[in-house]
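Chains as they are written, first to last, in this note's numbering: chain A, 3 to 315; chain B, 42 to 329.
Hints may contain errors.
[Unchecked claim] Chain B regions said to be covered by chain A (calculated; three or more residues, Cβ under 8 Å):
1) 259 to 267
2) 291 to 300
3) 311 to 321
[As the list claims (entries may be wrong)] Derived list of chain B stretches under chain A, where covered just means 3 residues or more per stretch with a C-beta under 8 Å from a C-beta of chain A:
4) 167 to 178
5) 184 to 192
[Said to hold, decoys possible] Here are a few chain B residues that sit away from chain A, every Cβ distance over 12 Å (derived from the structure):
6) Asp95
7) Thr105
8) Val120
9) Leu151
10) Glu223
11) Ala225
12) Arg234
13) Leu254
14) Pro276
15) Val303
16) Ile305
Rather than coming from a laboratory, the hints here were simulated on the basis of the structure.
Ideal Cβ placement from N, Cα and C applies to all residues, glycine included.
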Amino acid sequence: MLRHALHRLLLAVPVLFGVLLIGFLLMQVVPTDPATVRAGPQASAELIAEIRRDLGLDRPLAVQFGLYLWRLVQGDFGVSIINNVPVVQELGATIGPTLELMFASLVWSIPLGIFLGTLGAYYRGTLIDRGVMAISVAGVSIPVFFLGLILIWYVGFKWQWLPFTGRGGPIWTLDGLRSLALPALTLGGVFVGPVSRMTRTAVLDVLSLDHVRTARAKGLSERLVVMRHALRNAMVPVVTLIGLQIGFLLGGAVVTETVFTWPGVGRLAVGAITSSDLPMAQGTIIVLSLGFILVNLIVDVLYAALDPRMRAA
Amino acid sequence: MSATTVTMAPARPGLLRRLTRDPGAAAALIFVVLVLLAAIFAPWLSPTDPFDNDLASSMAPPGTEGLPLGADAQGRNLVTRLLYGLRASLAMGFFAVILGGGIGAALGFLAAFYQRWLDAPIMRLVDIMLSFPAILFGLAIAAILGPGMLAVVLALSVATVPLMARIVRGSALVVMRADYIEAARATGMGDLRLIWRHLAPNCLSALFVFATLRFGQVILLGSALSFLGLGAQPPNPELGAMASEGRNFLFFAPHIAVIPSVAIFAVVLAFNMLGDALRDALDPRLRV
Chain A
3 MLRHALHRLL LAVPVLFGVL LIGFLLMQVV PTDPATVRAG PQASAELIAE
53 IRRDLGLDRP LAVQFGLYLW RLVQGDFGVS IINNVPVVQE LGATIGPTLE
103 LMFASLVWSI PLGIFLGTLG AYYRGTLIDR GVMAISVAGV SIPVFFLGLI
153 LIWYVGFKWQ WLPFTGRGGP IWTLDGLRSL ALPALTLGGV FVGPVSRMTR
203 TAVLDVLSLD HVRTARAKGL SERLVVMRHA LRNAMVPVVT LIGLQIGFLL
253 GGAVVTETVF TWPGVGRLAV GAITSSDLPM AQGTIIVLSL GFILVNLIVD
303 VLYAALDPRM RAA
Chain B
42 MSATTVTMAP ARPGLLRRLT RDPGAAAALI FVVLVLLAAI FAPWLSPTDP
92 FDNDLASSMA PPGTEGLPLG ADAQGRNLVT RLLYGLRASL AMGFFAVILG
142 GGIGAALGFL AAFYQRWLDA PIMRLVDIML SFPAILFGLA IAAILGPGML
192 AVVLALSVAT VPLMARIVRG SALVVMRADY IEAARATGMG DLRLIWRHLA
242 PNCLSALFVF ATLRFGQVIL LGSALSFLGL GAQPPNPELG AMASEGRNFL
292 FFAPHIAVIP SVAIFAVVLA FNMLGDALRD ALDPRLRV
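Next comes chain A alone, as it looks inside the complex (with noise of 0.2 Å):
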């Protein structure tokens, strides 16, 4: 199990390094000189030179790119073009509510998905099974944006049931689950199509395994077969999987910050894109890089605890 993390901590290696790279060459093409950002308006020359002496600016591009992750490392991402504020500051406040509409979408959509799933598996070849088929191609088909809208025009909008833009507070409070709730609404409706369908075909394909043979044969209801011998099995694949989604995740959570104007690192990210922030763009890439990267090993670690053949290979 050591050894199969470490493999994949080695793999997550080069893509760190391409992350990084790809941030440090987006700041080289910030049309301004960070030099003369940081000294002001009414800074001298030899002030401006002397700091671009300091930001090791006269160097050569690889010393530069050595420099810059060592800033990298101290929490400096530069400033904002925009707005002057230091991009760490910014992605500090918004990383909080990224994680908050990822856990409040996946909290309800992984369980719904795993169930609708099962049920599909349980009752194969049935009305309900299309029906659970039904459901996950239409979510894996539907805008995340245009489940937004429809939430927003009627939940929002004509009922007035919650709120929709913007977030009232932590998630601890009324106020922020209240205006959580149509975010993560969203979110998690694009995932329950791919989770149901992943479950509903590893629950086939451990269904005609040998052990479930058994298990029917010793006399066990097909609802005992199904909920004791074969979802347990089934799970390892759905964990993989459900990892493997999760990159489409982060592309939904993007797009639903920006509807429900959450301030998330997706919405962050986008508006500093848009308006030509490039520091503000390399800080929030990075972030939403190292995100993904960490997810991904931790999805690798819990497989290989999931399943004890993995931890020998």
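Got chain A sorted already, so can you dock chain B onto it with the hints?
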């Protein structure tokens, strides 16, 4: 040449008949064909120019005389916008699948054919690319090149390369074990010719199934990027960008956002259903 026709399957009913046995798949196929025709012939089918605006009919609801789908905030005919929007979205998906799928397929064939020395490096590269979600490619490329259709097509292509490489490699590895590959090699056929004449044709079904499924996904992703403002820029008609424009008028004229959104939903749904049916008909092994 005759060797290529020796596949495992016994005589089966025609592909079209197998596909259309399922009414859902048949409906999806008809819908896809209609949508493709509408997109290709958009300039001839459209009643107006896509940029013609008439502020007098701004936000006209569907069913207004002369405007069956209504008009957007600038008073542009939504029938025209929808046709041109479909054209742009489908073209975006088409180029991304051709470019990314082409490079991915080439990598997959090379990895399988030169298994000894190319498989490991190519698959490592694929693993690395796979550990990046499409949205991040989209954000990064849009940040570097600036938002636009080119950025979206490139991002979607890059995100398609590793997936296609995996599918094709898996399929090609099976074909490589077949006797006719050995036989063709024995005739002294060159590597490239062997790949082109014998390996590739026998992997076509896997390639085709994946390309169909991927086409739907790519359109969905691309429309999301455009919705975010990273793709097609207004006033250019593209379904995601149109939905984004319509979002600003959601409470006054919901049809402006709903029409392009429904169009994306329907097109992606049709491609997904068609892809699933194709997979079942052509290559059940690909079932995921």
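So, going through the hints one by one against the coordinates:
no.: 1; hint: 259 to 267; verdict: holds (count 4)
no.: 2; hint: 291 to 300; verdict: holds (count 5)
no.: 3; hint: 311 to 321; verdict: holds (count 3)
no.: 4; hint: 167 to 178; verdict: holds (count 8)
no.: 5; hint: 184 to 192; verdict: holds (count 4)
no.: 6; hint: Asp95; verdict: 26 Å, holds
no.: 7; hint: Thr105; verdict: 21 Å, holds
no.: 8; hint: Val120; verdict: 20 Å, holds
no.: 9; hint: Leu151; verdict: 20 Å, holds
no.: 10; hint: Glu223; verdict: 32 Å, holds
no.: 11; hint: Ala225; verdict: 36 Å, holds
no.: 12; hint: Arg234; verdict: 35 Å, holds
no.: 13; hint: Leu254; verdict: 10 Å, violated
no.: 14; hint: Pro276; verdict: 16 Å, holds
no.: 15; hint: Val303; verdict: 8 Å, violated
no.: 16; hint: Ile305; verdict: 5 Å, violated
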